[in-house]
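Student: Start from the sequences, fold in the hints, and give me the full structure.
For reference, the chains in residue letters:
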Amino acid sequence: MKALLKHRETQLVAVILAMVGLIALRFPSFVAPASLGNVFNDTSILIILALGQMTVILTKCVDLSTAATLALSGMVAAMLNNLYPDLPVLLLVVVAILTGVLAGAINGLLVWRLDIPPIVVTLGTMTIYRGIIFLISDGKWINAHEMTDAFKAVPRADFLGIPVLSWMALSVTAIMAVLLRRLATGRAFYAVGGNPHAAVYTGIDVGYTRFLSFVLSGALSGLAGYLWIARYAVAYVDIALGFELDVVAACVIGGISIAGGIGTVFGAVLGSLFLGTIKNALPVINISPFWQLAISGSVIILAVAFNARAERRKGRVILKKAEVVA
Amino acid sequence: MSSQEMQARFIKDRLQGRGERLLRSWEALLLAVAVIIFAINVWSSPYFLDPWNLSDATFNFTEKGLIAFALALVIISGEIDLSVAAILALSSTLMGLAMSHGAGTPELVAIGLLTGLACGAVNGFLVSGLGLPSIVVTIGTMSLFRGIAFIILGDKAFTGYPSDFAWFGQGYVFWVISFELVLFVLTAVVFAVLLHATSFGRTVYAIGNNPMAARFSGVRVERVKFILFLLTGLMSGLAAVCLTSRLGSTRPSIATGWELEAVTMVVLGGINILGGSGRIGGVVLAALIMGMVTFGFGLLNVPGIVMSIFVGLLLILVIAVPKLVTRIRQVRRKG
Amino acid sequence: NVAHAENKKIALVVKALGIGFFDAANKGAQEAAKELGDVDIIYTGPTDTTAEGQIEVINSLVAQKVDAIAISANDKDALVPALKKAMERGIKVISWDSGVAPEGRMMHLNPSSNPLIGNMCVKMAADNLPEGGDVAILSAAATATNQNTWIEEMKKVLPNYKGINIVATVYGDDKTDKSYTEAQGLMKAYPNLKAIIAPTSVGIVAAAQAVTDAGMVGKINVTGLGLPSEMAGHVKSGASKSFAIWNPIDLGYAATMISYNLVTGKEEAKPGAELSMGRMGKVKLDDNSEGAMADPFVYDAKNVEEFAKIF
Amino acid sequence: MIRLAGIAKTFPGVRALGGVELSLFPGSVTALVGENGAGKSTLVKILTGIYQPDEGHIELDGRPVRFATTMDAARAGVTAIHQETVLFDELSVAENIFLGHQPRTRFGFIDWKRMNAEARALLERIGARLEPDMRLRDLGIANRHLVAIARALSIDARVVIMDEPTAALSHKEIGELYELVERLKAEGKAILFISHKFDEIFRIADRYTVFRDGEMVGAGLLAETTQSELVRLMVGRDVGQVFPKVPAAIGEPVLTVAGYCHPTEFEDIGFELRRGEILGFYGLIGAGRSEVMQALFGVTRPSRGAVRIDGQVAVIRTPAEAVARGIVYVPEDRGRQGAIIGMPIVSNVTLPSLYRTSRHGFIRMAEEFALARDYTARLDLRAAALDQDVGTLSGGNQQKVVIAKWLATRPKVIILDEPTKGIDIGSKAAVHAFMSELAGQGLSVIMVSSEIPEIMGMADRVVVMREGRMAGTFARDGLTPEILVRAAAGIGEEA
Ligand SMILES: Nc1ncnc2c1ncn2[C@@H]1O[C@H](COP(=O)(O)OP(=O)(O)OP(=O)(O)O)[C@@H](O)[C@H]1O
Ligand SMILES: Nc1ncnc2c1ncn2[C@@H]1O[C@H](COP(=O)(O)OP(=O)(O)OP(=O)(O)O)[C@@H](O)[C@H]1O
Ligand SMILES: [Mg+2]
Ligand SMILES: [Mg+2]
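Residue numbers (this note's numbering), protein chains in the order written: chain A, 52 to 377; chain B, 11 to 345; chain C, 51 to 361; chain D, 2 to 496.
Keep in mind that the hints were calculated from the coordinates and are not lab data. The structure displayed is predicted, hence computed values, not measured ones. There may be inaccurate statements among the hints.
The calculated EDC-like cross-link candidates involving lysine to aspartate or glutamate, where the alpha carbons are at most 20 Å apart (straight line), are [stated by the list, open to error]:
(1) K330/A x E56/C
(2) K228/C x D165/B
(3) K77/C x D189/A
(4) K198/D x E333/D
(5) K316/C x D117/C
(6) K84/C x E356/C
(7) K333/B x D166/A
(8) K191/A x D227/C
(9) K135/C x D174/B
Tutor: Put into structure tokens, the structure is as follows:
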């Protein structure tokens, strides 16, 4: 029990529950199951992106191009749908994911083969990918009526009473949990971020592992790109502009250490839910829209300070008597 | 153990001469790029080589450059500040607030600078006082500072700044030389001296290379970092004075996205994003390059996003190409 | 290039490239250019809706020595210094759609009169609510000039519509996802909501989508200002009973015509003047040198399909 | 069993190995000796597939093999305990042991259950009392090393390489390691043992190979050689006295420490340091000596106690304050706390004394170089130029830069924490000679060391620490290794 209390994740669950409870006091309708389901559904895309970003951060890198990759993949899918309405939606989803994979692979290759710091690479590709959207779409929007109904229907389709969008987030979470816990590649992400130098000695190719994490992040951004565009039924250059910072913030709130090697799937999901709940709740509890930005900023800072305290090294204890107390 | 090490007791001061070092430096590469871009601009638009037009073009980079100089020091010390644009917005908002209560030009400038300092102090406290990672702290304060601006201003705007206040962003010191350009050059010199010729600058490099060893060498790491965040806040406040004066009005969304442009400028300028190396001269050249690219493309009416593709590519290529070249050389030597 | 050198260069500067409404305005400008013969249109703007971006664009247009700038502003005040400088260098500057403060331009062409638009928005909501009810506004950026003016006008005419309450104003920043989330928030916070008024083409589409997704079609009516091509689907589904817009093609056309007449010196923009706009007739300027083009036009299930093909 | 033929390896600018020959035999321990930077660790990395040789080849049972990855080497039965710690703080003990070759289920997933069970068995085998699910970051340095050993043994190997395995172990664990080596030998494994400690080489090894500047300069049976013969092969010349302590005039007290306490690390420390004195601090690894020194230097904050410098009470809260009062500290962890690798020699040397080479905060280049030149020359630094990055120097020379940096501040007290750890015998003699010289000039020296010969040879007095407390202070006269070991291990106290 005590061990449970100490876990960052457990604390985060408690904070989220407390927050939801407080909102419920003023707005009971917010905690109706349907309403909470909606909050989760709204957060699904953030969860998917955060899980991708998490693998990158685990390897001591950062991917600032996720939102741009999302927009690019979504635009590619939407344009194809517009030009060839007969193509099956599943194929378009695959195309979106592959676009993401390609974008991620470019990031990964630059980091792996040319040893350019990830923040520089993704800062560069972030603008490049958005620029490419402008070039391929000629800056035009693709609007709801230019997409087929089947294309738009997928995320909101109902399966066992839950929208497919939520199912997507749930299954990506499950897959990532298995990947990071039960596959050698997953453990390699932790090893590479925890101690890149030592990873070399255990036969892990540090660069290649980072490459893989970027590809994975790209693939998830690609999937999220399709989901985003189908859900909001519009595609244009500035889709999800600045969203990459939300994704990084969600990871950090969820206890993924920016220094690499520390973090869990559960944490990333909770971090996203936390951010999602706040963004969802603020308009509901009638907080002036002008306060929202400052509130989410403060919350991020608090979360970072909180996590840093939890993470602070206990230090080695030499004195015997101190050891008993500690 | 190389044979060099085994030789004489006498150790010479420098491995390479000054000239050779300059020639091989990042700045030389940037200068070449700048000259090429200048030439392309001259060739592609008849309007480029006009003193007034060139003068107008400098506004594309002067304010961002002011921020980039201070940011460069922060990045060399191994930290980062993503809240610079938000600080600018908050400074501008508080200046507007003061103006609406009847403050005159000197007070406005003071308030702009002080707000910047205060925001820098908040960042500095969180990063060096509490030891939190600067990249996430400043993502947080970025929302916080701009959020406060939104709280104050909401959907309103401050307009009607005193007419003499306009001089900072719209005034000319001599012929086509604007006040902002003079300020840019002066600040560049001050920061170059601070970084390259003072003991403070030296400790900044030491911290960026190895904060632990710097601390063990008697460097007051926390204090230096705090000062750097203060400086960045101050420069953001200064940029706020210029931009507010140039726009003649304030809205909370002012300077959105500038943090990434400033970081891009710094990195393009050859400052190692991981800390420890880089020079102010590079940042000056990077500012010029980015300004010329924006203006040159603007004259051809190329949309802004295409310019950013170009800057993004430049950012990656300028770092990638030298690495590729050495790699190819190595392979050739072996093969 | 010699032949072109004598052509008048008129720059049509928009809030951001890629927005359907402005692309349509560009069509109108091109039409005017063809009619006039000796005009080159430079259609440009930043890629995101910021004042700083527009200033850079203005600076490069000044450097190119264009003859006129016709701008739809992202910020009423911030553009003033840059546009003033343009005027000092002999460039004719007018604003259209979203205005610039009087010091920064020679005249402003309102697509329609602001009181009319405000009234129309409330009327469209009220027409479908004989018993009255709660209504919310979904705006664009909190800084958008025209949005704020229209919202003020809406509030002014409210007493004329019995039973209609405006319960909230939220801002979607002309971003789809933000507008969508805000619309969802409105539905959650106000269970009795009967209509959402979104006087922005991005917001209205997102709100209609949100209403559809929440299964509230028929319960909540989305109305406001939108483009027929973007709204056709939502009118069909019933999420939106009706919406209004002026014709952006006409707007672009008129702005170009006015600019041309100012450049050639045939006409002068001053309070009380009457400026001609080609096939659109004439516009009379008020004390602020502002003029309104036409009434907003209402689209509903009957006519939307037809116009969707045009813009 | 395994044979290396003509192996050569060049790093940019450095030829680490050139045409090396080496053979290992089953059931036999081969000691590999050589100065710092002779290429020993590089050879280990080639043998385990981390580096690829530029020339030459490896033969296993007479057949040439190629180790493209560490996995190839492991499959061929070669395993190593590396010199650097190659462990992961955030992972469990079991994962640290099996990372890279985890047991898998039929579907390719990691079999955590089996992994933990196998880890438990391995840990038992080497006598480590650790749970497989403990997180590594909660372990002390010695236990970490045991995990590293368990990791090496988790590969069913025929060739076991140990690169300075005893450098971080204490007395007791070293004994256990020797037993393990004997057991492996009895199992018929071929063992390569790298060490700078000659007593231990002669104790457990059968054969030797000597490297100098990346070349093999000698090999044979240990029974047929002597220590001085090995040293001559290593260094290429005779090395004089290793501990050239010259008696120095001992003056008045410079540093007095009384009732010094820290909440978790040490308690009730008190001693006096006099002018010209070398005060040794001995103890088993982890006794808390470094902690005391770092508190004196202002890195950590003590909870109670008084420090006096020249009779004046001194409160030291930061290293900067310590330096200002004339106390300087040469840390144990050279790479992380000592040298600033990415900066030139000159900047490293002048960093703490910048105020002396600058006016009003502006640095004067000429004075700066003069200062650096002066102190590096005194320490006989070997480098090509003063603006060369410190990272390009060998370990011993890096240590000299750190010492030069502190001498340039003209301190009263210099604290040397394990000054010769991992330093070869030639450089060691130089450091010792220099220490002696400093004391002779009236500087007070505190020397923390875990090597008995060094302590006995150099110190005027010795403080022994055990588990964060003082276990006794001993004068040089009549001191025997026996006394030190008993005090450090607490033998005789309980009995
Ligand atoms: N990755 C590398 N890049 C460049 N030079 C290297 C690298 N690794 C080793 N060297 C150089 O190769 C030489 C041999 O180093 P090595 O680590 O093998 O020495 P060693 O014999 O193990 O020394 P020690 O006794 O200090 O452990 C040294 O000069 C070292 O600086
Ligand atoms: N659990 C640990 N985690 C991280 N670093 C450790 C740990 N244990 C030891 N160290 C580091 O390893 C080095 C050697 O530690 P050591 O065991 O020598 O302790 P110490 O306090 O230096 O005691 P002494 O100097 O008496 O040996 C020190 O730099 C110490 O900080
Ligand atoms: Mg070695
Ligand atoms: Mg120690």
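Student: Please verify whether K330/A and E56/C have alpha carbons no more than 20 Å apart.
Tutor: Since the Cα atoms of K330/A and E56/C sit roughly 55 Å apart, the hinted pair is violated (cutoff 20 Å).
Student: Given the hint that K198/D pairs with E333/D, does the C-alpha gap stay at or below 20 Å?
Tutor: Between K198/D and E333/D the Cα gap is close to 18 Å, so the pair holds against 20 Å.
Student: For a C-alpha distance cap of 20 Å, please report whether K191/A and D227/C respect it.
Tutor: holds, 18 Å
Student: Straight-line Cα separation of K84/C and E356/C no greater than 20 Å?
Tutor: It is violated: about 25 Å lies between the C-alpha atoms, which goes past 20 Å.
Student: Run the distance test for K77/C versus D189/A: straight-line Cα separation, threshold 20 Å.
Tutor: holds, 15 Å
Student: Next pair to validate is K228/C with D165/B; report whether the Cα-Cα distance is within 20 Å.
Tutor: The hint holds at about 17 Å.
Student: For K135/C and D174/B, compute the direct alpha-carbon distance and say whether it is at most 20 Å.
Tutor: holds, 17 Å
Student: Taking 20 Å as the top limit, are the C-alpha atoms of K333/B and D166/A close enough?
Tutor: At roughly 9 Å apart (the allowed maximum being 20 Å), D166/A and K333/B satisfy the hint.
Student: Hey, K316/C versus D117/C, does the alpha-carbon distance stay inside 20 Å?
Tutor: holds, 14 Å
Hint check: violations occur at hints 1 and 6; the rest are consistent with the structure.
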